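Asks: Protein chains in written order, with the working numbering: chain A, 1 to 288; chain B, 1 to 386.
Among these hints, one or two may not hold up.
Said to hold, decoys possible - Residues of chain A clear of chain B, computed beta-carbon distances all greater than 10 Å:
(1) GLY47
(2) ALA103
(3) ARG106
(4) VAL159
(5) PRO265
What the hints assert, rightly or not - A few chain B residues that face chain A, going by a derived Cβ cut-off under 10 Å, partial list only:
(6) PHE92
(7) PRO124
(8) VAL128
(9) PRO132
(10) VAL177
(11) GLY285
(12) THR334
(13) ALA335
If you are wondering where the hints come from, they were derived from the structure by calculation, not from laboratory data.
In this text, all values refer to a predicted model and were calculated from it rather than measured experimentally.
Cβ atoms here follow ideal geometry from the backbone N, Cα and C, with glycine treated the same way.
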Amino acid sequence: MQLVGAELLESREILPGQWLQAYHAPSLVTGSRAGQFVHVRTGDLSGLILRRPFSINTADGATGTITIHFRTVGRGTEWLTHLRPGDTIDMLGPLGRPFEVDAQSRHLLLIAGGLGMAGIRALADEAIRDGRQVTLLFGAASARDVYPTSLLPDEIEYVVATDDGSVGHRGFVTELVPEYEAWADQAFACGPEPMLRTLARLSVGRRGRLGVARLGRKRGGGRADPAGSPAARRKAFLQVSMEQRMGCAVGACLGCVVMTTSGTPQRVCREGPVFASEEIDWEGGWAR
Amino acid sequence: MKAKRRVVTASGAGAPVRRRPTVRKVKSAIVPAPPKPAVPKAPASVAARPQPAAPSPEPAERDAAPTSVDLTVDIGRGLVLPNPILVASGTFGYGVEYGDIVDVNRLGGICCKGTTLRPRIGNPTPRVTETPGGMLNSIGLQNPGVGAVIERYADTWAGWRVPVIVNVAGESVGDYVEVVRRLDGVPGIAGIELNISCPNIGRGGLQFAIDADAAASVTAAVRRATDLPLLVKLSPNVADVRPIARAIADAGADALTAVNTLSGIAVGPTRERPLLGNIYGGLSGPAIKPVALRIVYEVSQVVDVPVIAIGGVTELADVLDFLAVGAVAVQVGTAIFADPTLPVRLADELASVCRTRGLASYRPLIGTALPRRASAPSSKGVEYRP
Ligand SMILES: Cc1cc2nc3c(=O)[nH]c(=O)nc-3n(C[C@H](O)[C@H](O)[C@H](O)COP(=O)(O)O)c2cc1C
Ligand code: FES
């Protein structure tokens, strides 16, 4: 974790109200992994007093560049769109825990809903670099919200679903999943919570039948890895990147928690944002 | 190598040790009165500045041209803060979370997250939201319970020079007393800050903080249970804080901290329900500074124990304002989220302001905006009166 000045290199509205910005922040790129995020200071303390968290959309070690992808939803993101190349902003990162891909997983299924693309995008790069095959399922409201193919690596298979059917499958992205079930060794998802909840439900039945879960059991030789450990997550079929409102983003304020099946809320900024789907209490049971 | 600054009056380890109530004598072993600290390092705020070529000044020479400024704060009962900039409970975790980017040993003190007897899972989400010039939070005192806090962090704290003050919450007087008993005598724990803005189950859920009798009785009960320095944190959500502050001071608090968050709500984006999972949240940040200033101004005129100000500190001017209305120190909370290095920088800036004004200590800055009173506001605690 570092606090750095990041210089804006390029800022582009890639979709209506959605921006892609590239920053020069070499020390943040070093050692960052797909699934991690940065916490960005927007404006000064007299107005916007909280930083804004953004997934590391891509990280390029060679140029020391990271990109973030966001929708303008309020004054903080609005402020960012007014920056000019050469402006420097204050970034804290890399934060949180990354996706854990099992060494033996060859086929990765990535599932993104809307802005969830930002949370999963870097994993596509990482997987391709590691010589794995990637299918990316993407869901959006309609054609105008579909993430441009030109911004994705050529090597992946990109399958789109839209609510209105204006492009690709008509319906939810989750409806595409069964087709890839047998093919995928592991699945990784980021998007609205109802989407993640559906995926979690779908994955429950499959856990036993699918690649890595089976491999994990074989190798594990009895002793289970503690829930939430990188080793345990690596064996999970489905990993999800969760979203929550944040204060500190370093684990100090407990503002960002999600309820887990252990009965103890876990911090999205510290134990997450990536969790194995079976760690999450999808009913959000806060009643004791 | 590391001189332990913390005041733990217990000499031995672990087991509760009966201590004599005369703890002041310990002070000199920790920080001698003239600013030549017993710790091997000079106070951070001083070390950070390049020193003029002059040989390091003896205490007697100080008033001529102060190169080293005395920022220490004597809270009483042996608790001496290295400087008057602390971090507020709930915004700095247990001190370890910001470890990569903040040198905790340059802080004046750390108030850790509210700690209760049993583990608490806290409130449903969302728990935080930004508001104009501030934020609302409803964490609901999520914490692993006092036993786990001691087990996980006390050793780390004992290795730090910065005093760690454990913020304690409870639902009954018995809860508070039991938590404090467990903390008493544990190396690494420099003091207690009572968070009394909690519903008192014994009084139908009425907060301790809004009732002078309840506030006094919990203070007195905790006072009997420990010789640790005892700070009590005031709530701003009362009509008149002065009788409550007086009652708490009379009940044996060594210092008062003010203020906790202001009660508020936010409405959800669809306007179908309040936004926070818990409906109610606590407002903090620059938005509450005028309220905090008013309360510190009122309280410091009616009590003789030191007052530590909290509420919306984001820059040196805020620190100077709070000192002017009688605070001997300040805590920085919400602003840390945006600027984690702020508290350390404020201590440096305070020292530098003093140097510019030719002050050997920051103490002349305290109480300058208060109405004239017979005696100067105290920067020292009261002696223990069993
Ligand atoms: C996220 C958050 C959690 C907090 N938790 C506690 C707590 O556990 N105990 C407590 O006494 N105060 C707690 N507070 C209150 C702060 O310690 C402080 O009194 C308040 O935020 C005002 O200071 P500020 O404006 O500098 O933030 C919390 C505040 C925030 C923002
Ligand atoms: S945002 Fe503060 S603990 Fe996660």
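Asks: Give a verdict on every hint.
Replies: Here is how each hint holds up against the structure:
1. GLY47: violated, 7 Å
2. ALA103: holds, 28 Å
3. ARG106: With a cut-off of 10 Å, A/ARG106 remains clear of chain B, as the shortest Cβ separation is near 35 Å.
4. VAL159: A/VAL159 is indeed farther than 10 Å from all Cβ atoms of chain B, at 31 Å.
5. PRO265: violated, 6 Å
6. PHE92: holds, 6 Å
7. PRO124: Because about 4 Å separates B/PRO124 from the closest Cβ in chain A, which is inside the 10 Å limit, the hint holds.
8. VAL128: Holds - the Cβ of B/VAL128 comes within 10 Å of chain A, reaching about 4 Å at its closest.
9. PRO132: holds, 8 Å
10. VAL177: violated, 24 Å
11. GLY285: holds, 5 Å
12. THR334: holds, 6 Å
13. ALA335: Status holds, d = 6 Å.
When each numbered hint is compared with the structure, violations occur for hints 1, 5 and 10.
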